[in-house]
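Q: Put the two chains together into one complex; each comes in its own frame, and the hints tell you how they fit.
Next come the chains, spelled out residue by residue.
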Amino acid sequence: GQSLEQPSEVTAVEGAIVQINCTYQTSGFYGLSWYQQHDGGAPTFLSYNGLDGLEETGRFSSFLSRSDSYGYLLLQELQMKDSASYFCAVRDRHNQGGKLIFGQGTELSVKP
Amino acid sequence: EAGVVQSPRYKIIEKKQPVAFWCNPISGHNTLYWYLQNLGQGPELLIRYENEEAVDDSQLPKDRFSAERLKGVDSTLKIQPAELGDSAVYLCASSSGQGYSYNEQFFGPGTRLTVL
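Protein chains in written order, with this note's numbering: chain A, 3 to 114; chain B, -16 to 99.
So here's chain B without its partners, still in its complex pose (with noise of 0.2 Å):
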C-alpha cells in the first residue's frame, strides 16, 4: 500500500515569492491534516480536513496561507507571499476516522521550505 505522498520534497524560494505544497493521502483516508515543523519542535496543526471540509483551520495564518481539498481526495496548501519565518518542514498526514472515531495518522515525509 503507498504510503502518504507529498511534493515537493525540497523548495528553495525569495521571500514574498508564493509557493505551493501538493499531498495525496492514503487511498480511502477521508480525514487529511496539514502541519508545519519547526526544526527542534513537535508538528503543529495547519488545517484538518474531513472529506472536502476544512473542520478545523484555526491555526493557519489566513492572510498568507490557503489550502484546498477539492475532491476529498488530494490537497494543496499555498503560501503567497512568503515570509522568512515561514522557513519549515510541511508536513501531510491523513488518517482512515473521523473525529472521534480514531485511528493513527500516517504521515508523509514532508516538504522542507528554505525562504531566503
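With the rest of the complex left out, here is chain A (with noise of 0.2 Å):
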C-alpha cells in the first residue's frame, strides 16, 4: 500500500525559514508534489520532484531523496499569508502514472 507522513503542525515567526518534512512509503514511486491550501480555499500547486535534489521556486524550495523515501519543503522569509496548509503528494506509478496520493497536510502558522 502506500503512506506519507508529515508533521499536523509547525509554528514560526515572520521572517524566518521552515521546513516541512515528508516520508513515503508507496509501491510505485514516480515523484513527490506539494501543494497549499488556505482555509476553505483550493489546494495549489506549489513544487514537484520527479529526480533527487533541490527544486527552488521564490521564496520556496523542495528536496527529494528516493533512497530515502523523503522529501521536505522549505519555506524562507516567511510571511503571514504564508499561513495554510501544505500537502505532500505522492505520484503513483499506477494507473500510467496519473495519480496523486496525498499525506494528512501539515498546518503552518506563521506568528508576527
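Calculated directly from the structure, the hints in this document are not laboratory data. Misleading hints may appear alongside valid ones.
[To be verified] Where chain A lies over chain B, by a calculated footprint (3+ residues, C-beta under 8 Å):
id, segment
1, 24 to 30
2, 87 to 99
[Said to hold, decoys possible] Across the chosen pairs, the derived CB separations fall in these ranges:
id, chain 1, residue 1, chain 2, residue 2, range
3, B, N34, A, Q106, 29 to 39 Å
4, A, E58, B, R47, 40 to 50 Å
5, B, V38, A, D41, 24 to 34 Å
6, A, G60, B, L22, 25 to 35 Å
7, B, K61, A, K113, 36 to 46 Å
8, A, Q106, B, Q0, 27 to 37 Å
9, B, I(-5), A, R95, 37 to 47 Å
10, B, N34, A, G17, 42 to 52 Å
11, A, Q27, B, V38, 42 to 52 Å
12, A, G52, B, Q24, 22 to 32 Å
13, B, E51, A, G43, 23 to 33 Å
14, A, Q21, B, L22, 24 to 34 Å
15, A, K113, B, G55, 39 to 49 Å
16, A, S71, B, Q0, 40 to 50 Å
Think of the CB as a built atom: it goes at the ideal place given N, C-alpha and C, for glycine as much as any other residue.
A: Here's what the structure looks like:
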C-alpha cells in the first residue's frame, strides 16, 4: 500500500525559515508534489520533484531523496500569508502514473 | 484564463436525499479528477477521467456514487442516497497531461456538502 507522513502542525515567526518533512512508502513511486491550501480555499500547486535534489521556486524550495523515501518543503522569509496547510503528495506509478496520493497535511502558523 | 469552476459551493441536504455536483475544468485540460476531502485530511481521489474515459474509479463507492463526463469537458458527480458520513468537501481538479506526461493539477474551490 501507500502511506505518507508529515508533521500535523508547525509554528514559525515572520521572516524565519521553516522546513516541512515528508516521508513516504509506496510500491510505485514516480514523483513528489507539494500543494498549499488556505482555509476554505483550493489546493494550489507549489513544486514537483521527479528526481533527487533541490528544486527552487522563489521563496519555496523542495527536496527529494528517493533512496531515503524522503522529501521536504523549505519556506524562506516567511510571511503571514504563508499560514496555510501544506500537503505532500506522491505520484503513483500505477494507473499510468496519473494518481496523486496526498498526505494528511501540515498546518503552518506564522506568528508576527 | 478561467480556473476550474464548481457548483454549488455549498449544499445542505438531509440523509437519503440525492445530490449532484458539477465541474467545468480549465479549457483544453483533458484530465479531470474528483476528490473528497474530509476536515483536517488531504484530498482522496474518487475518480480520474482522461477525456471521456474513467481510467481510475477504484476509490469510488459505486453503490451510491456515480460520475459522468459525457463530452470530455464538464463533469457531474452524484450521490444517491446521501449518508451522514458523506459530509465533506468535494474537489474537482484538471490537468493538461495524461498518464506519465505529468502536469500540475489545478483545483476548483470545492463543494462543501453537509448531510443532516
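Q: What are the numbers of the hints that this structure violates, sorted from low to high?
A: 11
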